[in-house]
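Student: The lines below spell out each chain.
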Amino acid sequence: MSKTNLTRRGVLKSGAVAGAGVALPTIFTASSAAAYTNEPTGGSVTLGFNVPQTGPYADEGADELRAYELAVEHLNGGGDGGMLNTFSSKALQGNGILGKKVEFVTGDTQTKSDAARASAKSMIEKDGAVMITGGSSSGVAVAVQALCQEAGVIFMAGLTHSNDTTGKDKRSNGFRHFFNSYMSGAALAPILANNYGKDRKAYHLTADYNWGYTTEEAVRTSTEAMGWETVAAVKTPLTQTDFSSYIAPVLQSGADVLVLNHYGGNMVNSLTNAVQFGLREKQINGHNFEIIVPLFSRLMARGAGENIKGIFGSANWHWSLQDEGSKAFVKSFGTKYGFPPSQAAHTCYVQTLLYADACERAGTFNPCGVVEALEDFEFDGLGNGKTLYRGSDHQCFKDVLVVKGKENPTSEFDLLEIVEVTPRGQVEYDASIFGGELGSCNAGA
Amino acid sequence: MDAIILQILNGLDKGSAYALIALGLTLIFGTLGVVNFAHGALFMIGAFCAVTLNKLLTLSHVVIDETKTDFLGNPLKVQVPYVNDIFGEAAGAAIIDWSVPLAIFFAIPVMIAIGVIMERGLIKHFYKRPHADQILVTFGLAIVLQEIIKYFYGANPIPTPAPDAFKGSFDFGAAIGFDANTIIYPYWRLVYFGFASLIIGAVFAFLQFTTFGMVVRAGMADRETVGLLGINIDKRFTIMFGLAAAVAGLAGVMYTPINSPNYHMGMDFLVLSFVVVVVGGMGSLPGAVLAGFLLGILESFASMREVIDIIPGINQVIIYLVAVIILLTRPRGLMGRKGVMED
Amino acid sequence: MFGLEKKDANLLLFVAALAIFAPFILNPFPEGSAMAQFNAGYPDLMQRFAIFGIFAIGFNILFGLTGYLSFGHAAFLGVGSYAAVWMFKLLSMNVIPAIILAVIISGLFALVIGYVSLRRSGIYFSILTLAFAQMCFALAYSVLTPITGGETGLQLALDDPRILGVSQTPEGNIPVPGLFGLEMRESFEMAVGPWVFTFNIGYYFCAIIMLLSFYLAIRIFRSPFGMMLRAIKSNQQRLNYTGLNPRPYTLAAFVISGMYAGLAGGLMASMDPLAGAERMQWTASGEVVLMTILGGVGTLIGPVLGAGLLKYMENILSKINKGVLEGWFSFMPDGMSDTFVFLTNLFVGKQWHITTGVIFMLVIIFLPGGLVELGKRISGMFRKKDDDNTKSAKAEPAE
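Residue numbers (the UniProt record's numbering), protein chains in the order written: chain A, 1 to 445; chain B, 1 to 343; chain C, 1 to 399.
Among the hints, erroneous ones may be present.
[Said to hold, decoys possible] Calculated pairs, DSS-like style, for lysine-lysine (alpha carbon to alpha carbon, straight line, at most 27 Å):
id, chain 1, residue 1, chain 2, residue 2
1, B, Lys77, A, Lys309
2, A, Lys404, A, Lys201
3, A, Lys336, C, Lys322
For the record, the hints were derived by calculation from the structure and aren't laboratory data.
Given these sequences and hints, build the entire structure.
Tutor: So this is what it looks like as structure tokens:
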């Protein structure tokens, strides 16, 4: 009997097969077997793709899964190689990771932190995954990140936009490529000032949970710094479907800009309702009334139909970007699936590549080695220009897109146009402003 | 003052959606004695009738436009609806534009058929089973129905806009002597309110003034006696179920321009509409309607920022809070009868 | 034995055997084989079986005995886990004080909610409990964020005080929950040929508590108090006529079952120190109702089986993806395997909800007594062979 922290099924898979028929029963001892959780000893390495497959974000999850499958294909040397060809680091050879074939397991987060952790745990305990990635909301990302820290595996966050993920709830084993509320605010504010003027009165509707709070805060601070006034900020319940009673009083308040700090279904509904109320045709204080959606998701925006035309927001990435990396990714994704990838798909694909590359450079799957390889790693060619994985909070810093609902879309995917690529320097911040402690890396066993 | 008028308007509009769903639930409960947890799913299916009709009308063939390119740089494939070929571009576009109102005619037969099949195939066998069993089997059905819809239509909301004629909003304030832009209300929501009132009125008139309705009401009061009188009450109840399904479905069809439908909209409404029914009093049709409007209005008031500032979080819980208060002060809801669903 | 009748003692021993040998029973397929996908013998899922077993046993004390259908029971589970996590944050990582506080706090919650809700019966009671639970969920997710962590859930941090423990381990990590130095997540593994069995401290801790809860439930079922609760279910009015006030009895049952839920919540937090608000949502309350009914309402073992079945489906079915299916059916000719993959794919992976929905409907339609009735019918069929006495296997709630 031996003490181990979580299991090392990967070892046993191969070990057990090899040992079969030799001595039965065998009880494995931990110390000799593995240096870290789920050390892969056979010819393959298992990654865990934990995405929402049921619930309101299921379509986003499906797109993430497509990206993961594509990434695995490329890592194993299949397909056209996608961004492997444009990635500035050339450590990856297309022969898996460290010569091991990449395999994966999938799970359903249900967009609930409990279910997401259960699913991630089963990947770690049962399937021997050395890395967990995915997710489409900050609640899930933070919960799974904490779990991975405890278990001693790496977590590469999927779509999560709250400041908390790499702020107050940051963990040493967790990494985020996606941008955050702060960057959205910092990128949006100057563009808004240019387009709408500096004497605006804003009315915020905010989803009543952590992500909503951080987004409202970010947009508020950055717009107020430019001279905007915040007339009111009203919190709306997560379960709200009809926002009429929140939107109707907006005009009476004397505001001339409405900021919808909503995501997903909330965003689709509140935006649709706001347009229905004819807000955008109104003239207030001598200004055209405007609506802003700080975080745009193209997949979700489809649900709002024509209502998104002309509305400003920010995005992590968009398929119409013309750099080599984006073009290569769109091409291989589009060829395989027949439509362009979403920003969720992009960040998941990139995260998988970044992880694989870090393992190659570190020469090990050991989480502590991977952490070291990723910290302060600077790279290019993955679609967002020069990017830095900051060591002090494990957040990626890169250019942020300011986008606008397109007036004359040519197809159902062509909903957003890029207004400006805000340079990285403009969205950087000090790592300490959100509090939290990174702790030290945990390799498990 | 204008703020209060505005929230009353809002409340009436929200309330009409609650009232319509609660009405259908109560019809089924009152006539058949069955608690139908799949009622929200019927509302959702109604909404997807509108989506389906829209999809049917926009069934397209592909024309390749060499002048433009798609995201991969290939020539752009432009979808041209068949309707445009048949009726010409202008008429075709107008038909597609009006797909939501047209869906009413599509949804009525579909929903009645679904309702009848549900009653004959499943619900019928549960008349004598405990309410808990009814709740659970219909809950299971609701899950299956919504997952089927998700399988075909995906999880994201699907835009189904109102006809162009109903876009924009009506300036109430200006019409009744307040400043312009103080009380504005979207045309489609007014249509929804009118439509809901019409349906509610029609259901009451149907039950009150027709022989069929009279028999059904008699059956609600005492099923056995009506059966002994030689009236085939079962058949009428089946029709009632179809009717209730149609009411839920129509509520769903007309709701699509307000919020883009998605597969779980039924579940979103289910719990709320149950609270509405219970607050109104199980089995009472006027109670359901009254409670629907009452809760709609209270919910609207609770979402005013002046109110939230005083009691943070009140907008999160108002419906449940009101339900608790009403149930504690009026044991059987607003208009419930004694002995219904109390064991 | 243990003050139980022979039948009950046998049942308890049976459940104990199931619990002790779970790592073997749940891992019937060799590692690396195609069927290994169906293995459930990994710590997290086994812990969940035991924890939700406790939750369902407790729920059954209320619903099975008194017939009061609470639709807000998940609130107690949620409150219990919040209490436990706060203990971990403030006091120490020992699970005992956390679990004790979880039970006490959820018991108090149950007392208040039960006192109010039990003024009504039938569906009015169900809606009252639902309303309370939904209020708890909505507030915990939003305005109570400072106490509950809101969307991200309440979790441990490196700078928590932990008066009787340490804020961080020497390596700079958050300490893990344990029982006097025995870490809950410790496991050891045994490989027997191609099979691998995992024995986890946390699981056995949960299993022991589950057995104690089960034993307590048997005692309650067999006690005069249990008789009284059944009397309330069968005819409350008649009970009133005899001059007995049923309220204190139902309230006691409500509080006991709320404490069971709190115990389950505390255990959940002990196995995995994070508490999320979704635990209190009405769907979570619905889940325990489903477990109880799937297994068999009013039976002793039913809820445990139902909990196991539901959690098994949730965790195993959802992980079967198209790639896995293609692997299974790869021995078939191309066209045929595609068809099979397509058909199976309708019920697994992201479609796993359909399977639970369908199974659920089938059980309620054909097996109103749940899995326990299924067992009875099967054993009834065997018995029929022995003698011609055509004893129908009609639903007679097993106890």
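Student: Given the hint that Lys77 (chain B) pairs with Lys309 (chain A), does the C-alpha gap stay at or below 27 Å?
Tutor: holds (22 Å)
Student: What's the verdict on Lys404 (chain A) and Lys201 (chain A), does the C-alpha distance respect the 27 Å limit or exceed it?
Tutor: holds (20 Å)
Student: Would the hint linking Lys336 (chain A) and Lys322 (chain C) be met if the CA-CA limit is 27 Å?
Tutor: Distance ~16 Å between Lys336 (chain A) and Lys322 (chain C) Cα, so the pair holds.
Comparing the model with each earlier hint shows no violations; every hint is respected.
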